[in-house]
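**Student:** Each chain, letter by letter, is given below.
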Amino acid sequence: MENNRQKMHEYWRRNLRILLTLLGLWFAVSYLFGILLVDELNQFMLGGFKLGFWFAQQGSIYFFVLIIFIYVWLMNKLDREFDVDEE
Amino acid sequence: MSILAWTYLIVGITFALYIGIAIWSRAGSTKEFYVAGGGVSPLANGMATAADWMSAASFISMAGLISFMGYDGSVYLMGWTGGYVLLALLLAPYLRKFGKFTVPDFVGDRYYSRTARLVAVICAIFVSFTYVAGQMRGVGIVFSRFLEVQIETGVIIGMIIVLFYAVLGGMKGITYTQVAQYCVLIFAYMVPAIFISLMLTGNPIPQLGLGGNVEDGTPLLQKLDGMLTELGFAPYTDGTKSTIDVFFITAALMVGTAGLPHVIVRFFTVPKVKDARKSAGYALVFIAILYTTAPAIGAFGRYNMLNNISNRSTAEMPQWVQNWQKTNLISIDDKNGDGRIQYVKNPDANELTIDKDIMVLANPEIANLPNWVIALVAAGGLAAALSTAAGLLLVISTSISHDLLKRSFMPDISEKHELIAARVAATAAVVVAGYFGINPPGFVAEVVAFAFGLAAASFFPVIIMGIFSKRMNKQGAIWGMVIGLVFTLAYILYFKFINPEANLPENWWFGISPEGIGTLGMILNFIVSFAISRFTPPPPPYIQDLVEDIRIPRGAGAATVNH
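Going line by line, the protein sequences match chains F and Z.
Residue 1 is where the first sequence starts when you use full-length UniProt numbering, and the numbers rise one by one after that.
Residue 1 is where the second sequence starts when you use full-length UniProt numbering, and the numbers rise one by one after that.
Hints listed in this document are in silico derivations from the structure and should not be mistaken for laboratory results.
Bear in mind that the values here come from a model prediction, so they are computed numbers and not experimental data.
For every residue, glycine included, the Cβ atom is placed at its ideal position computed from N, Cα and C.
A couple of the hints might just be wrong.
Stated by the list, open to error - Using 35 Å as the maximum straight-line C-alpha spacing, the simulated DSBU-like pairs for lysine-lysine come out as follows:
id	chain 1	residue 1	chain 2	residue 2
1	Z	K345	F	K7
2	F	K7	Z	K470
3	Z	K335	Z	K345
Claimed, not checked - Just so you have them, the derived chain Z footprint on chain F, three or more residues with Cβ under 8 Å:
id	segment
4	4-16
5	26-35
6	38-52
7	63-75
Excised from the complex, chain Z in its bound form:
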């Protein structure tokens, strides 16, 4: 059977599965729509969180990024997993005890202020939209490459699928669909990785294969360091970023992860406080399976490339290189006309250009795996992109129907109408996201990474202080969020859009790149909140009681604020 036939078959089966689950688990109440009724088991929630969290970028691009960044790629590995420690220890149990539907809900109630709620709603919508636009584009690209349709058609198919289970099922539908999507994506990721690890190092476990030896008995990483140094690149295990920048980027990604509303909201869906703690652990286990495999795929890919392509004659190219040349993801230009391919650091002499996304997408072909595995990778990429898009769309629709309508402007709205509003908002959000997927504004790709910086500089500090400082009041929280957000946004806008030529290490403050500036924004947020809260009245006694209450696990689900 051809690759295309297999792809239609496997993608078709997985989509039928997702839709079936959505119909089976459709939401009947706002509680089911927003937090899946609060009755999801920690194991299922962990799996759903992992699928929600791992986007098209994690599935397709991350291994490739690491492949070309070497040690510097560690910022993604540590950054996007370490945040779960913060979530489990500092946020999840307390937010679960608090027992509301959304992050702005917590901010609005804890800081007894409609302004604080609105600032949080704006942050949530902004962060989620920048993120979801990139996902829809990812869906379109995967579709167009594997199903051989136009990117636009791909985006529209993706929109219809997401629309179906996000609008019908809400959080309940999404949660169980994501459990299925996790299984599809992790299987699709691991099968080729295991085969490549076996081929290169003889070890079926990629995590161990990364530290294994290649044919001639030297460790793979040492061999890779040597080959790269010879060609003028930095050694694979050293990297080129400054220590302070690596430190700040890692911190911004960790704290951003812990501050992303679509991740936080997942901890409202489990029955008890101890389930919230445990499900953060399960989520990280499921994420770690992919995140510890990615550096192995990255190193294997770079090694394969140097070994099979670099300094070989054009006639000797393996079949997969020729296949991918057709998609322009690999391009070869024999500049000096010697019939061989020189891959070197110097851009004038370099003859090989490789798109980083190829490291995962071409894996099955590199390992000579059957066609159905290639189709499986397509289904995995779609599962990753669709699950994240659905989670984000739900945050947007909930922010509108619950935080804006029910809690701010139309407090008398009935449950039935709120549910209708949530579904209308979800539909509108899908349409807007789809529009951005089809007509991506030039800045989307640039902004996605910064969603983390913004989440780090706005949400994380207000939530932490809301739990750990009884003295923190609304003035401190509002000003902290505003200043953290404005500072981070201004720094990023300046270096990325207003004056991109100046985006060089010597112009950065303290040598911190725009990717890492969210950490400084977060520190600023903490300082400002702390200072302002000392010069303004303390929060009213009932809020101080509320804070004491969320610190005690017993009676989760009962915690409410009485205005």
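This is chain F alone, in the form it adopts within the complex:
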């Protein structure tokens, strides 16, 4: 029982690490690249887009989708590793 408890704490710790990493990416593509650093990034071009503007109106949204699917994949893996997945 005690062993299981410890295992679940480890599961939660790993879960939090995945969360924080992905939320860091989420913050970077929106708040950092799309808002705080927008002027600096706008000096670069991505095709016909200024880079900062692209992150604000297109890129951040593509990354958001990507972040969720990476999360789904990592968590499914973690669930299986700790044997807490649903059949």
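Guided by the hints, dock chain Z onto chain F, whose structure is given.
**Tutor:** Here is chain Z on its own, set in the frame of chain F:
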């Protein structure tokens, strides 16, 4: 065939479809009524969530807003999509494991308190009603413009349709109707966008066309920046809001999205925890299709306007401008009498006024598309407004029948009676929403945007702390919600209603506009909850066990609280 005939035909077919689905999927139990029986596939749930989420405002107004705001419009794009990352990572899987019917259910059980449940019910009803009143008005406006009936008649037709599938089908009926509505609305949105992108940039994908080149070989956005600067406007890709305000508004919209009860409740409808994670991803894919197209429509619209209208003679106006002048959505006033239209920033010299809603509504005509496409856009706008209205009405009826009656005041009510109560509450909510749609109180339009700020300042922190802090207790949660809500509401009321003349950047706290203040309310909520919970007793052991339990995916659907 005329536009009107096409509109009756296409709108009629889609409505018959929605009603057919409602009859086929009517709810027989409270579980089906509240959470569609908990057996919706993640893909269908993602589509339904997207339709639920994208309202008349997203469909009709957003592209126009971005068109006139340029870079500043990014707050809506990032704000209304980024919230899904928070939902998927921080809320959906745990709430699914918790396995109840509503957000107040979670708050009430996790914080072992009837007071907390009631505060949450009040927040849910308040947020949902302000939002739904705007939707019913939207339904009325779309009807009156495309079916050529009175706005009042339009609202009543909309009420009857929603009444039919929300009351009969509950969440189950709504979910499958919304899947159909999503298909209608996204098709209606994309067809004209693709044609306009082809016309302007030669690229059929609007998302790429936005970064494409116009006829003379310069990038569209660069050309747009140049044209606007010449007329005295800010460059399209720069915007005018301060960085701190853009930051706070984006955050308030993101967190608000993650805190809106009608969105959260959707994650109770899938069978497993991993389905809840996945369906948030699907929902965002379906939303992103529209949300990455909207900035393209916005920029194309502004470019078309500058190119086809500005500094042209009144005789040279394209046909669509003349058509829309009749609706007063475009008005031209040749102030200096030179026979040409000057579109400039200075309001005294400007001769062209354009309603922002026109950017989507006039798209098919701008692209010279056949009449059936115009009818399709009408059906799409109605699908967007009706699906959101239905989702919100369900939150209101569930809050009343489940949280107020079953869980607070009449715990002995039978399942059959609870179901009847839910249907009566849904009917009453439709009637009230319809009344507000016909007689909109002046403040409705102002308040809708703030539903997000309020959701951000009240629900989001209590749910997050309920999952991630075992130490968070009822005193902290209740005071956090109350103070977050009161602070946000007071700031908004002061600048929007009590002293609107003072609503200027120099008077705002830290330069944060009322639109972005929900973020500060949320921070305040976190601080207050944290501080108060340290000076009051920790939650009882069974609650701490409950929190540990919702963190583990296995056995979803089995998680219950034993009082």
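**Student:** Now tell me, hint by hint, if it's right for this structure.
**Tutor:** Outcome of the hint check:
no.	hint	result
1	Z:K345 / F:K7	64 Å, violated
2	F:K7 / Z:K470	18 Å, holds
3	Z:K335 / Z:K345	14 Å, holds
4	4-16	holds (count 4)
5	26-35	holds (count 5)
6	38-52	holds (count 7)
7	63-75	holds (count 8)
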